[in-house]
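The residues making up each chain are set out below.
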Amino acid sequence: MTATDTLLPEGAKDGVRRIDVDLLVVGAGPAGLYAAYYAGFRGLRTAIVDSLPEAGGQVTALYPEKMVYDVAGFPGIKGRDLVAGLVEQAARFGPVYVLGERAEHLTDEAGRRPRAGDRLVVTTDKGTRISTGAVVITGGIGTFTPRPLPGGAEWEGRGLTYVVKELSAHAGQDVVIVGGGDSAVDWALALDGLAASVTLVHRRKHFRAHAASVADMERGSTVLVTDAQVDSLEGNDRLHTVHVKGKDGAVTPYKAQSVIAALGFTADIGPLETWGIDIVDRKIMVDTAMRTSVPGVYSAGDITEYPGKVRLIAVGFGEAATAVNNAATYLDPDQPLFPGHSSDDPAGIGATAPA
Amino acid sequence: MPYVIGAECIDTTDMSCVEECPVDCIYEGDRKLYINPKECIDCGACEPVCPVEAIAQDRRVSDDNEPHVADNRRFFVEVLPGRDAPLGSPGGASKVGKIGVDTELVAEQP
Numbered sequence: 001m002t003a004t005d006t007l008l009p010e011g012a013k014d015g016v017r018r019i020d021v022d023l024l025v026v027g028a029g030p031a032g033l034y035a036a037y038y039a040g041f042r043g044l045r046t047a048i049v050d051s052l053p054e055a056g057g058q059v060t061a062l063y064p065e066k067m068v069y070d071v072a073g074f075p076g077i078k079g080r081d082l083v084a085g086l087v088e089q090a091a092r093f094g095p096v097y098v099l100g101e102r103a104e105h106l107t108d109e110a111g112r113r114p115r116a117g118d119r120l121v122v123t124t125d126k127g128t129r130i131s132t133g134a135v136v137i138t139g140g141i142g143t144f145t146p147r148p149l150p151g152g153a154e155w156e157g158r159g160l161t162y163v164v165k166e167l168s169a170h171a172g173q174d175v176v177i178v179g180g181g182d183s184a185v186d187w188a189l190a191l192d193g194l195a196a197s198v199t200l201v202h203r204r205k206h207f208r209a210h211a212a213s214v215a216d217m218e219r220g221s222t223v224l225v226t227d228a229q230v231d232s233l234e235g236n237d238r239l240h241t242v243h244v245k246g247k248d249g250a251v252t253p254y255k256a257q258s259v260i261a262a263l264g265f266t267a268d269i270g271p272l273e274t275w276g277i278d279i280v281d282r283k284i285m286v287d288t289a290m291r292t293s294v295p296g297v298y299s300a301g302d303i304t305e306y307p308g309k310v311r312l313i314a315v316g317f318g319e320a321a322t323a324v325n326n327a328a329t330y331l332d333p334d335q336p337l338f339p340g341h342s343s344d345d346p347a348g349i350g351a352t353a354p355a
Numbered sequence: 001m002p003y004v005i006g007a008e009c010i011d012t013t014d015m016s017c018v019e020e021c022p023v024d025c026i027y028e029g030d031r032k033l034y035i036n037p038k039e040c041i042d043c044g045a046c047e048p049v050c051p052v053e054a055i056a057q058d059r060r061v062s063d064d065n066e067p068h069v070a071d072n073r074r075f076f077v078e079v080l081p082g083r084d085a086p087l088g089s090p091g092g093a094s095k096v097g098k099i100g101v102d103t104e105l106v107a108e109q110p
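Protein sequence lines, in the order shown, are assigned to chains A and B. Numbering (the numbering used here) for the first sequence: 1 to 355. Numbering (the numbering used here) for the second sequence: 1 to 110.
For reference, chain A alone in the conformation it holds in the complex (with noise of 0.2 angstroms):
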């Protein structure tokens, strides 16, 4: 087995995506970034699930344009910046990414509850199937979801969308974008000139998304409502009408077709509690081997549990080192649990992996 020959997403004949790995990362956050590189480096075929669309975790999700100083090695560095240094450092071992799906249920290649030796079953939301040796939950603080739009629940998929995942699906419309972060703003800016009109509805006069994306929204044609929210929505099929209310309590109506709440998410540890791994208040305890109670799943991170744990970045990053070279043992015990230094090539891919 080379780190080269990790197995593409096979489309299988009932339509089940299936994916056979020897380890599964389950959140792509940092710590979950660097297993992914680790697995990698140790020769291990890698999967990565995260239920957010996009990679970095609550970096990404929470704070993107943050400043962050206590990574070793950088003195300072932006989070977009760090997450993305971490993808292109795992991106070496062609991780299989499997974004935008949730972990929903850990079992063996039975449906039962795994036992030591056990090859292990992650299914997701969306049905995909992951077969794995063993697995390392990166879970963070939980599985994002989008907070949802009060009274918007009716017109999810006839014109209420939380994630804009094509913005050619909006060229055209009328868009209502609600919220005041970088997620709304930056998708102000990507659809402005695209969409028919922009109109960004934001309940504070000051928006947290970085500045300079802000001004640029400014100078555009995104029509701002601000000290307002969405009092309700209107339509037949699909949407054709926001109606926004003011603080002074006047409701206007702007015509909408599509109407994309960028409200920000909400974190919950959710189906992770149903893996029968011990967890205490939200967190997965762990031994000095970054091993769960149960037998082939490890973990990592700001999700871990310990005495004397602190919940840093760089702590999460040696963590997820310590989980993936004791997970290579539980795999192959044959293999030593120091993975070599990395300057000397152990695994031996350093001339034949892209640079």
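It is worth saying that the hints were derived from the structure and are not from the lab. These numbers were taken from a predicted model, which means no experiment stands behind them. Please note that the accuracy of each hint is not assured.
[To be verified] Incomplete in silico selection of chain B near chain A, CB under 10 angstroms:
id, residue
1, C21
2, K38
3, I41
4, D42
5, G88
6, S89
7, G92
Virtual Cβ for every residue (Gly too), placed ideally from N, Cα, C.
We have chain A already, so just place chain B on it with the hints.
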């Protein structure tokens, strides 16, 4: 290093912070809101949205608000008036709703 809500929140309870918190760790007392230090993930999303600038990281609170660092914790670890157990870590303010009482420090404010 959780964030802390200071005295400016008393009788304001604007709730903007509650909408921003990704882990739903801001709980509603009677006259004030409280951040659960065990549930706060230190992301800082609440700080800029507070209209009365009541929120700061625990290490950066104003001298006047220093007592509120311990008081935010007290709201969760001590038994509040009319309750028979501490709130602890319910894992989300929306699960428990408005608590409706305050800590002694807050209740005593004129």
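Structure-based check of each hint:
1. C21: holds (8 angstroms)
2. K38: holds (7 angstroms)
3. I41: holds (5 angstroms)
4. D42: Given a least distance of 8 angstroms, the restraint on B/D42 holds.
5. G88: Holds, about 9 angstroms.
6. S89: Because about 6 angstroms separates B/S89 from the closest Cβ in chain A, which is inside the 10 angstroms limit, the hint holds.
7. G92: Check passed: Cβ of B/G92 comes within 8 angstroms of chain A, closer than 10 angstroms.
Violated hints are absent here; each numbered hint is respected by the structure.
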